[in-house]
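Chains as they are written, first to last, in this note's numbering: chain Z, 1 to 287; chain E, 1 to 403.
To be clear, the hints were calculated from the coordinates, so they are not data collected in a lab. Even glycine gets a Cβ: it sits at the ideal position worked out from N, Cα and C. One or more of the hints may lead you astray.
As the list claims (entries may be wrong) - To give an idea of the interface, some chain E residues facing chain Z are shown, with a C-beta separation under 7 Å as derived from the structure: (1) K257; (2) P275; (3) S279.
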Amino acid sequence: MSVETLVAGILTGGLYALIGLGISIVFGVLGMMNLAHGEFVIGGAYLASLLVIGAGWDPLAVLPLAMIAMALIAYPLQRYLLTPLLRASKTAPLVATFGLLLLAEALFQAAFGSHPKSLPAPYAAAGIGLFGIRVQAIYVIAFALTVVLCTATHLLLTKSRAGSAVRAAAADPETAAILGINVGRVYAMTLAGAAALAAAGGVMTGVAQSFTPSSGLPLLLTGFAVMALAGIGTVGGVLLAGVTLGVLQSVAVALFGGGWSNVVVYLAFFLVLAIRPQGLFRRGATA
Amino acid sequence: MQAITGHRIRRRYLALGVAAAALLAGCASNATPSSGGGATSSGPVLIGTSIALSGAIALPQIRDGYELALADANAKGGIQVDGTKRKVELKVLDNRTDTSTMLQQVRTLVVNDHVVALLGSCCQQNIDMEAQADSLKVPLVMGALPVELLPAGNGYTWDAFQSLADGANGFYATAAKAGTNKKVLIVTDNDAQGTSTAQLWSQLGKAAGYDVVAVKAVPSGTTDFSNVIQAGTSDKAQVLVAAMVPGDCFAMWKQMKALNYQPKIAIGLQCAQTPGWSSLGSLGNGTLVQMNWTQTAGLPDTAEVVAKYSSKYPNANDLGSVALGYAEASILLDAISRAGSAAPSAINKALASTDMSTALGSVKFTGNKSVTPTFLGQWENGTISQVWPAKGGGPLSPLSGLG
Chain Z
1 MSVETLVAGI LTGGLYALIG LGISIVFGVL GMMNLAHGEF VIGGAYLASL
51 LVIGAGWDPL AVLPLAMIAM ALIAYPLQRY LLTPLLRASK TAPLVATFGL
101 LLLAEALFQA AFGSHPKSLP APYAAAGIGL FGIRVQAIYV IAFALTVVLC
151 TATHLLLTKS RAGSAVRAAA ADPETAAILG INVGRVYAMT LAGAAALAAA
201 GGVMTGVAQS FTPSSGLPLL LTGFAVMALA GIGTVGGVLL AGVTLGVLQS
251 VAVALFGGGW SNVVVYLAFF LVLAIRPQGL FRRGATA
Chain E
1 MQAITGHRIR RRYLALGVAA AALLAGCASN ATPSSGGGAT SSGPVLIGTS
51 IALSGAIALP QIRDGYELAL ADANAKGGIQ VDGTKRKVEL KVLDNRTDTS
101 TMLQQVRTLV VNDHVVALLG SCCQQNIDME AQADSLKVPL VMGALPVELL
151 PAGNGYTWDA FQSLADGANG FYATAAKAGT NKKVLIVTDN DAQGTSTAQL
201 WSQLGKAAGY DVVAVKAVPS GTTDFSNVIQ AGTSDKAQVL VAAMVPGDCF
251 AMWKQMKALN YQPKIAIGLQ CAQTPGWSSL GSLGNGTLVQ MNWTQTAGLP
301 DTAEVVAKYS SKYPNANDLG SVALGYAEAS ILLDAISRAG SAAPSAINKA
351 LASTDMSTAL GSVKFTGNKS VTPTFLGQWE NGTISQVWPA KGGGPLSPLS
401 GLG
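Just chain Z, with the same shape it has in the complex (with noise of 0.2 Å):
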């Protein structure tokens, strides 16, 4: 096994992270499983397309314009269609992302077409050296970016008063509305939060790779896997769980070839959940 291999996996890993943050903290939050999750990334992917194949802008430069539109069009979802039915029973929100996501994959198909895209960058083919060896410039600068927004959101959480507030809605949501909080709106600043992560992440996917209407699932999946390995409701854990990933995929496939690096995924998926389920990031569960 070699260095390129454990530096190939950890900085796929990074992306990992990214798509799965958002999972976790709406899963954390909310505890809500959010089918829909590959289509913010997705659609991220596709707003910034807009600007990045329509008008030529770097994807550097539209990331942020991306990841405020998918929390504006989220926003709305959570507070006046998920948060009601999430009120209602626990299993409705699922039935109900399961539809968002069938319809935003129709609506991607219909608005961009079927074929697969790509954001054009110059760092998106570029090579750089790191630790000896070369890499490509667009992983590095999406591992950097995860950093930043796993540290922005840690800090965002637990520092300031709004962090107090979803920390409040998340713990129990009764109480925390007797005290005041506006437990519909921190949940949909839940969610809107969420799914400019996942924009960020699709940003990157869509530079580093490419994306079509129907990239979300197995987006989500990872997704998943991701969150099982870090456990709820922590951000520090959601890179590892990343880094872990990437670098499980990354020596499977190097040492049993390319057949397994979904095989591991799953895998480690599921070992976790049976064995320790609070996951590998996280402090047991107390009485």
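With chain Z's structure known, arrange chain E on it following the hints.
Showing chain E alone in chain Z's frame:
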């Protein structure tokens, strides 16, 4: 205690969510409306297709070709069946590029809708569809599957398409002009089609005097090709054959450029056929693509296909897919007319004696296969130009995108 209970509940939701996500691919399908009608009906003759119109592969072009052939036939009053002219109707089901959905839809088309014959989808799905057609004893006419890849069946599947061998021989002949060291790296998807492609291109490469230094198989959806590129670099392979789904080639081409792997000639089987290849920008320049149709090759019905679909599909390969669908449906309609019957067995018998000119060239089946011409095109600034064979083709350009 509350923490544990909450944790268990969340775990249940997590498992539920994952199960739901895993089921998504096979949960939906779209169908165009149809009034139905089988062999004994006096209404329209109904044929059916379960085709990938969404998901990993989307082929509305082939469907459009099917519908163009039916529109042509119906404009002439229909086809002669049981002594009367009957209109033809096509029931289209979108299988979302999901094999189990496709298998279920084919069964539904035959058992519930009583279609008298089937038209194919693409690639691996066509291989999987063959067994279903055989077991249901309904003729299936397909293209989009190189003839070498059609497994021996029970005689109900008819494949009129190009040959991988022709494409490989054309590629190696073209590569001889590129001044390479004749060392070849082959990377394919790890499904049955990918494995067969790798074996055939390896054999033909060796026969053409090339040294196949590495053969790699990857699952569809791979994004990290560092071990493949490492093999190409360390073995100094200057000839690259990639047979993968488009997204994989996109990722690999970017990674090759970033890691300074610079083959002198490269072909993207399946993957470089998508018009989306142009979104790679200059990175895609010089990549070769195997084609079943070109506008400059002088094939029959080219003018009609171009006139009706060039505004909808500006890309040459998309138009080729329309021509493919047009040819497949024309073959089937011709067989139904010659059978003079809408009975599947009679249609199947008539297909065996097909001898006609189609939008892909002459079609005459031998062992349920008919080889149509192959062409090689090359991407340059968002368009594809024929570079092989010489008739109708232009000069080969360097692989500048990866240079």
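Handout entry: Hints violated by the structure (numbers, ascending)
Key = none
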